[in-house]
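Colleague: Work out the full structure, taking the sequences as your base and the hints as a guide.
The residues making up each chain are set out below.
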Amino acid sequence: MPHIPLPEHLPGITGLLEYRLDTAMPIRDLTQILLRGESSLTQGERELIATIVSSRNCTNFCEAAHTKAADLLLGESETARLVKLDFESAPVSDKMKALLNIAALTQKSGKAVSEEAIERAQKAGATDLEIHDTVLIAALFCLYNKYVDGLATVAPSDPAFYQTLGERIVGRGYLRPPGGFVNPS
Amino acid sequence: MPHISLPEGMPGILGPMNFSPETAAPMNALANALLQTDEGLSRGERELIATYVSSENDCFFCQTIHGAVASHYLGDADGSFVKAVKCDFEQTTLSDKMKALLSIAGSVQKGGKNVTIEQVEAAKKQGATDKDIHDTVLIAAAFCMFNRYVDGLATTAPTEENVYRLRALRIANDGYSASAPYAPVTS
Numbered sequence: 000m001p002h003i004p005l006p007e008h009l010p011g012i013t014g015l016l017e018y019r020l021d022t023a024m025p026i027r028d029l030t031q032i033l034l035r036g037e038s039s040l041t042q043g044e045r046e047l048i049a050t051i052v053s054s055r056n057c058t059n060f061c062e063a064a065h066t067k068a069a070d071l072l073l074g075e076s077e078t079a080r081l082v083k084l085d086f087e088s089a090p091v092s093d094k095m096k097a098l099l100n101i102a103a104l105t106q107k108s109g110k111a112v113s114e115e116a117i118e119r120a121q122k123a124g125a126t127d128l129e130i131h132d133t134v135l136i137a138a139l140f141c142l143y144n145k146y147v148d149g150l151a152t153v154a155p156s157d158p159a160f161y162q163t164l165g166e167r168i169v170g171r172g173y174l175r176p177p178g179g180f181v182n183p184s
Numbered sequence: 000m001p002h003i004s005l006p007e008g009m010p011g012i013l014g015p016m017n018f019s020p021e022t023a024a025p026m027n028a029l030a031n032a033l034l035q036t037d038e039g040l041s042r043g044e045r046e047l048i049a050t051y052v053s054s055e056n057d058c059f060f061c062q063t064i065h066g067a068v069a070s071h072y073l074g075d076a077d078g079s080f081v082k083a084v085k086c087d088f089e090q091t092t093l094s095d096k097m098k099a100l101l102s103i104a105g106s107v108q109k110g111g112k113n114v115t116i117e118q119v120e121a122a123k124k125q126g127a128t129d130k131d132i133h134d135t136v137l138i139a140a141a142f143c144m145f146n147r148y149v150d151g152l153a154t155t156a157p158t159e160e161n162v163y164r165l166r167a168l169r170i171a172n173d174g175y176s177a178s179a180p181y182a183p184v185t186s
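Taken in sequence, the protein lines are chains A and B.
Anchor point for the first sequence: position 110 equals 109 in numbering that gives the first Met the number 0, and the numbering is continuous, going up by one each time.
Anchor point for the second sequence: position 173 equals 172 in numbering that gives the first Met the number 0, and the numbering is continuous, going up by one each time.
Hints may be right or wrong, so weigh each one.
[Stated by the list, open to error] With a straight-line Cα cutoff of 27 Å, these simulated DSSO-like cross-link-like pairs (lysine-lysine) come out:
(1) A:K107 - B:K109
(2) B:K85 - A:K83
(3) B:K82 - A:K110
(4) B:K124 - A:K107
(5) A:K110 - B:K112
(6) A:K110 - B:K85
(7) A:K107 - B:K123
[Stated by the list, open to error] Away from chain B, derived, C-beta distances all over 12 Å, residues of chain A:
(8) A111
(9) E114
(10) F140
(11) A159
Simulated from the structure, these hints should not be mistaken for laboratory data.
Just so it is clear, CB atoms sit at the ideal spot from N, CA and C, and this is done for glycine as well.
Modeller: Pasting the structure below:
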């Protein structure tokens, strides 16, 4: 049960983002820019960064939602699964491995991001902007994960829920739908 | 030296924010919505939560600037009160409600799942509203983002306290923004 009263038909982050709209709007805007804006990283690659951070923070709701989004964007479900298991041996480019390493270090602490980790990414062809975006996506998902778990929001166990949610964030993105979320009951 | 080429003369978070103005805009909007209001928790109390979490994350730049803003609001001219809060808030003259909320913020810093029902009950018993608890968790979570952004890119931070004091006055007057550079050191 959540630590504060939240709408029951909006589990996970969605109920929190409806709880205080003036703080939700910049969080949604930042997510839309980072995960759906123009970038030399694909949307699938950016969702993999969100996924590995949520997985390492053990935030089931975010992990399931962004795994599903990555699966839908990549057209298969093996890559996200293997990235979470061991990204060094996952079927992604050397550049992505280096960026996932930076994301994994950022999850631990900003100070954990070493010069070696940055040099590895640069040698694999990562630009300054890609490194910047990787650190900020990882940092943003630490915000999300701590927000979702810190208020003990509910994570549905039905996989169909995440299928629907994944389709929504792939198809429509992260901005609040006009008029908000209708309570079906 | 920062990990990537950032605009020169921009300390701390202003470096990456000026490198990427598009993402800086919502980040500053979030800081203003969370910190520049006295609804429920006061501005000083909100800045204390930000300072404490930044200190727990060992982020020098964030704990110093938000500590300076907190000191400004709380009439803590020499910064000794904010320092005591960072060291051991239980031993300070803070209200029991704020102590309970800082304890929740400390748990969020370690991991969201560390926040216990007992901590939340204790805060409510001391008069914290649902919104106070929400804002405490979100401020703590947001600073786990800001701190990682600042340290994950190895930004530089001024060491002169006066720089932060002057910047704190500007923040208190005008809110958070990436546009205004830090005042030059006058001492």
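Colleague: For every hint, state whether the structure bears it out.
Modeller: For each hint, the structure was consulted:
no., hint, verdict
1, A:K107 - B:K109, "10 Å, holds"
2, B:K85 - A:K83, "35 Å, violated"
3, B:K82 - A:K110, "22 Å, holds"
4, B:K124 - A:K107, "33 Å, violated"
5, A:K110 - B:K112, "22 Å, holds"
6, A:K110 - B:K85, "19 Å, holds"
7, A:K107 - B:K123, "31 Å, violated"
8, A111, "8 Å, violated"
9, E114, "7 Å, violated"
10, F140, "9 Å, violated"
11, A159, "25 Å, holds"
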